[in-house]
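Sequences and hints are given; from them, build the entire structure.
Chains A and B are the protein sequences, given in the same order.
In this text, residue positions in the first sequence follow the working numbering: the first is 241, and each later residue adds one.
In this text, residue positions in the second sequence follow the working numbering: the first is 162, and each later residue adds one.
Since the hints were made in silico from the structure, they are not lab data.
Glycine included, C-beta positions come from ideal geometry on N, C-alpha and C.
Keep in mind that a hint or two might mislead.
Said to hold, decoys possible - Here are the computed lysine-lysine pairs in the BS3-like style, where the Cα-Cα straight-line distance is at most 25 Å: (1) A:Lys-495 / A:Lys-435; (2) A:Lys-564 / A:Lys-613; (3) A:Lys-495 / A:Lys-447; (4) A:Lys-434 / B:Lys-205; (5) B:Lys-427 / A:Lys-282; (6) B:Lys-168 / B:Lys-198; (7) B:Lys-395 / B:Lys-339; (8) B:Lys-205 / A:Lys-435; (9) A:Lys-495 / A:Lys-429; (10) A:Lys-447 / B:Lys-174; (11) A:Lys-556 / A:Lys-566; (12) B:Lys-424 / A:Lys-282; (13) A:Lys-429 / A:Lys-243; (14) A:Lys-613 / A:Lys-591.
Stated by the list, open to error - Here are a few chain A residues that sit away from chain B, every Cβ distance over 10 Å (derived from the structure): (15) Pro-269; (16) Pro-436; (17) Thr-484.
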Amino acid sequence: MAKALLMQGNSACAEGALAAGARFFAGYPITPSTEVAELLAKRLPQVGGTFIQMEDEIAGMAATIGAALTGVKSLTATSGPGFSLKQELIGYASMAEVPCVIVNVQRVGPSTGQPTSPAQADIMQARWGSHGDRGVIALSPSSVPECYTLTVEAFNLAEKYRTPVVLLLDEIVGHMREKIEIPDQGSLKIVNRKKPMLPPGEFLPYKPEADGVPPMPAYGDGYRFHVTGLAHDYTGFPSGANSTSHELIARLHTKINDHVDDIVTFEEQNLDDADIAVVAFGGTARTAYAAIEMAREQGIKAGLFRPITIWPSPEKQLKALAKKVKTIIVAELNYGQYVGEVERIVAGQTKVVSLPKWNNEPITPAEMLAAIKDAN
Amino acid sequence: MEELLKKYYRPNKLPHMWCPGCGNGIVTAAIVKAIDKLGLDQDKTTIVSGIGCSSRAPGYLHFDTLHTAHGRALPFATGIKLAKPDHKVIVISGDGDATAIGGNHFIHAARRNIDITLIVYNNNIYGMTGGQYSPLTPHMAKATTAPYGNVDRAFDLAQLAKGAGATFVARSTTYHAKQLSELVAKAISHEGFSVVEAMTGCPISFGRQNKMAKPAALLAWQRDNTITVEAAAKLKPEQVAGKILIGLLHEEVAPEYVTEYAKVIKQAMGGGR
Numbered sequence: 241m242a243k244a245l246l247m248q249g250n251s252a253c254a255e256g257a258l259a260a261g262a263r264f265f266a267g268y269p270i271t272p273s274t275e276v277a278e279l280l281a282k283r284l285p286q287v288g289g290t291f292i293q294m295e296d297e298i299a300g301m302a303a304t305i306g307a308a309l310t311g312v313k314s315l316t317a318t319s320g321p322g323f324s325l326k327q328e329l330i331g332y333a334s335m336a337e338v339p340c341v342i343v344n345v346q347r348v349g350p351s352t353g354q355p356t357s358p359a360q361a362d363i364m365q366a367r368w369g370s371h372g373d374r375g376v377i378a379l380s381p382s383s384v385p386e387c388y389t390l391t392v393e394a395f396n397l398a399e400k401y402r403t404p405v406v407l408l409l410d411e412i413v414g415h416m417r418e419k420i421e422i423p424d425q426g427s428l429k430i431v432n433r434k435k436p437m438l439p440p441g442e443f444l445p446y447k448p449e450a451d452g453v454p455p456m457p458a459y460g461d462g463y464r465f466h467v468t469g470l471a472h473d474y475t476g477f478p479s480g481a482n483s484t485s486h487e488l489i490a491r492l493h494t495k496i497n498d499h500v501d502d503i504v505t506f507e508e509q510n511l512d513d514a515d516i517a518v519v520a521f522g523g524t525a526r527t528a529y530a531a532i533e534m535a536r537e538q539g540i541k542a543g544l545f546r547p548i549t550i551w552p553s554p555e556k557q558l559k560a561l562a563k564k565v566k567t568i569i570v571a572e573l574n575y576g577q578y579v580g581e582v583e584r585i586v587a588g589q590t591k592v593v594s595l596p597k598w599n600n601e602p603i604t605p606a607e608m609l610a611a612i613k614d615a616n
Numbered sequence: 162m163e164e165l166l167k168k169y170y171r172p173n174k175l176p177h178m179w180c181p182g183c184g185n186g187i188v189t190a191a192i193v194k195a196i197d198k199l200g201l202d203q204d205k206t207t208i209v210s211g212i213g214c215s216s217r218a219p220g221y222l223h224f225d226t227l228h229t230a231h232g233r234a235l236p237f238a239t240g241i242k243l244a245k246p247d248h249k250v251i252v253i254s255g256d257g258d259a260t261a262i263g264g265n266h267f268i269h270a271a272r273r274n275i276d277i278t279l280i281v282y283n284n285n286i287y288g289m290t291g292g293q294y295s296p297l298t299p300h301m302a303k304a305t306t307a308p309y310g311n312v313d314r315a316f317d318l319a320q321l322a323k324g325a326g327a328t329f330v331a332r333s334t335t336y337h338a339k340q341l342s343e344l345v346a347k348a349i350s351h352e353g354f355s356v357v358e359a360m361t362g363c364p365i366s367f368g369r370q371n372k373m374a375k376p377a378a379l380l381a382w383q384r385d386n387t388i389t390v391e392a393a394a395k396l397k398p399e400q401v402a403g404k405i406l407i408g409l410l411h412e413e414v415a416p417e418y419v420t421e422y423a424k425v426i427k428q429a430m431g432g433g434r
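Below is the structure:
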């Protein structure tokens with residue numbers, strides 16, 4: 241039986257990682273994500289895993305990728321400034337196709353900003369933070385139980401698509417304490433990376449299968465394979481051929497974009513008859529639940545679309561929403577980031593209103609209600 | 162060498178991309194000979210590098226190999242070693258890679274005394290980018306970014322390693338290739354963080370700017386400006402002044418990180434310490 245506990249989001253994230261099979265964490269202390277590291281420092285060795293506090297954020301990312309190459313599910317956790325520092329190596333993990341999870345508990349920026357205050361201002365950094373072109377998967381939980389389940393899902397997606405996956409918590413969700421029923425381990429769907437079927441000598445480490453993803457041996461399996469951040473061909477060795485870069489960089493996108501229906505998850509509430517849709521994710525969705533209830537009480541037909549997968553975008557769903565409602569309000573804790581993505585997808589089919597906030601505080605239900613009333 | 166080539170190199174990746182007269186091939190051969198001497202299991206040996214000329218070496222070697230980002234070889238290697246404690250992890254890095262952009266990782270790997278062997282190919286310059294000064298470029302030497310001479314003072318890599326906590330520190334040169342290989346073998350056998358500084362000549366990017374354009378001139382410089390620890394011990398300090406010491410410079414026994422962490426796991430799993 242599932243047991244009910246009172247837990248904060250960061251702790252649920254750490255427990256979810258263990259349930260997913262993570263056995264390695266490397267990181268650096270940073271508010272407001274530190275509890276993920278603290279709990280894993282205690283819990284990982286209890287299950288035979290390894291925790292290490294590295295000398296800096298970059299080293300935390302590097303050690304995470306190194307461990308992942310040995311076949312061990314690995315993660316790191318950080319917040320804004322650390323997420324910026326990790327970007328080069330997150331790109332490395334994309335290029336070398338190393339599955340791993342990066343937890344980013346968002347705080348106010350830029351720079352040191354407000355370390356203990358919530359923000360959702362790394363939406364675009366998660367997508368575009370590393371140099372070069374690549375497909376990206378990022379997920380954003382709205383509750384403590386979802387911190388647990390989405391961490392499991394983040395590992396599943398990382399393993400399935402051989403890519404780093406970013407868990408975009410915000411300080412609200414990371415530090416919020418609420419009831420969580422820990423699922424039985426047996427009830428969880430756990431995905432492990434594909435192993436090569438061909439023996440060493442015949443196996444090409446970076447030759448994709450039909451799903452766009454190459455099987456992945458572990459260091460020590462006898463394959464003696466090479467991993468590099470340089471553009472590389474199917475053998476894994478550097479290649480300067482134009483056709484190789486063309487195919488590889490395209491595949492880093494298509495292996496994700498061709499599977500959006502498998503990857504993208506979302507929540508819809510009260511949208512069947514809605515005139516106004518609020519688009520909100522993470523901690524801001526909690527505000528939206530209350531604001532929409534208040535609006536409905538006042539006879540306004542408002543509903544919620546909550547992207548759980550931030551990247552890749554729920555394009556199909558947002559396009560359908562645009563055909564249905566008169567106005568989409570994009571509520572987010574930043575100067576206006578996700579609204580640009582919604583506008584791109586909606587492409588003028590309906591009115592898009594931005595409801596941003598960046599003053600260290602969550603959007604209140606009253607503020608959101610006022611925006612809904614304005615739009616009505 | 163023919164047999165070593167067949168066993169430890171990836172023949173279809175040769176010839177290597179290093180310039181004529183570059184010492185990197187000598188250092189790489191010294192590592193291969195050390196691995197052969199020790200009889201390491203090729204499937205339980207991982208070779209990791211950063212970015213730069215020397216960091217291309219793992220691509221030529223028939224092991225699990227990892228060519229990481231600039232400066233980051235040691236933390237990648239730390240993750241590998243912790244996840245695979247029974248594997249030998251050898252890191253190949255250059256002077257810029259290890260002591261400038263990777264300097265923080267260098268001192269912390271040494272401080273932890275994690276069982277990784279670091280071979281620094283020290284050619285005193287950034288070779289791949291065309292001859293800019295590194296933290297190991299000698300004071301007042303010429304570089305493309307120091308056309309009037311390098312104002313920076315250089316690190317003493319061995320002293321830096323020792324001061325940071327490395328428990329095995331050695332230095333040799335491509336001129337002393339046999340000694341270099343013997344020291345690499347000792348470093349790999351040592352339990353803890355071991356550092357070997359391999360002084361290697363870069364005729365194109367360093368030599369040409371510093372009146373040593375001919376590869377032989379760089380080798381002669383190594384011969385004339387170094388002295389073995391054993392020879393130096395028999396001389397008065399003033400007779401050794403200005404010479405670079407080569408040989409085993411520091412060795413001590415200290416708790417090793419992975420072994421210590423294994424005790425943490427045992428305790429956390431209820432087995433006591």
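Results for each hint:
no.	hint	result
1	A:Lys-495 / A:Lys-435	17 Å, holds
2	A:Lys-564 / A:Lys-613	18 Å, holds
3	A:Lys-495 / A:Lys-447	13 Å, holds
4	A:Lys-434 / B:Lys-205	21 Å, holds
5	B:Lys-427 / A:Lys-282	13 Å, holds
6	B:Lys-168 / B:Lys-198	13 Å, holds
7	B:Lys-395 / B:Lys-339	22 Å, holds
8	B:Lys-205 / A:Lys-435	18 Å, holds
9	A:Lys-495 / A:Lys-429	21 Å, holds
10	A:Lys-447 / B:Lys-174	19 Å, holds
11	A:Lys-556 / A:Lys-566	17 Å, holds
12	B:Lys-424 / A:Lys-282	14 Å, holds
13	A:Lys-429 / A:Lys-243	19 Å, holds
14	A:Lys-613 / A:Lys-591	15 Å, holds
15	Pro-269	15 Å, holds
16	Pro-436	14 Å, holds
17	Thr-484	16 Å, holds
Against the hints set out earlier in the document, no violation occurs for any number.
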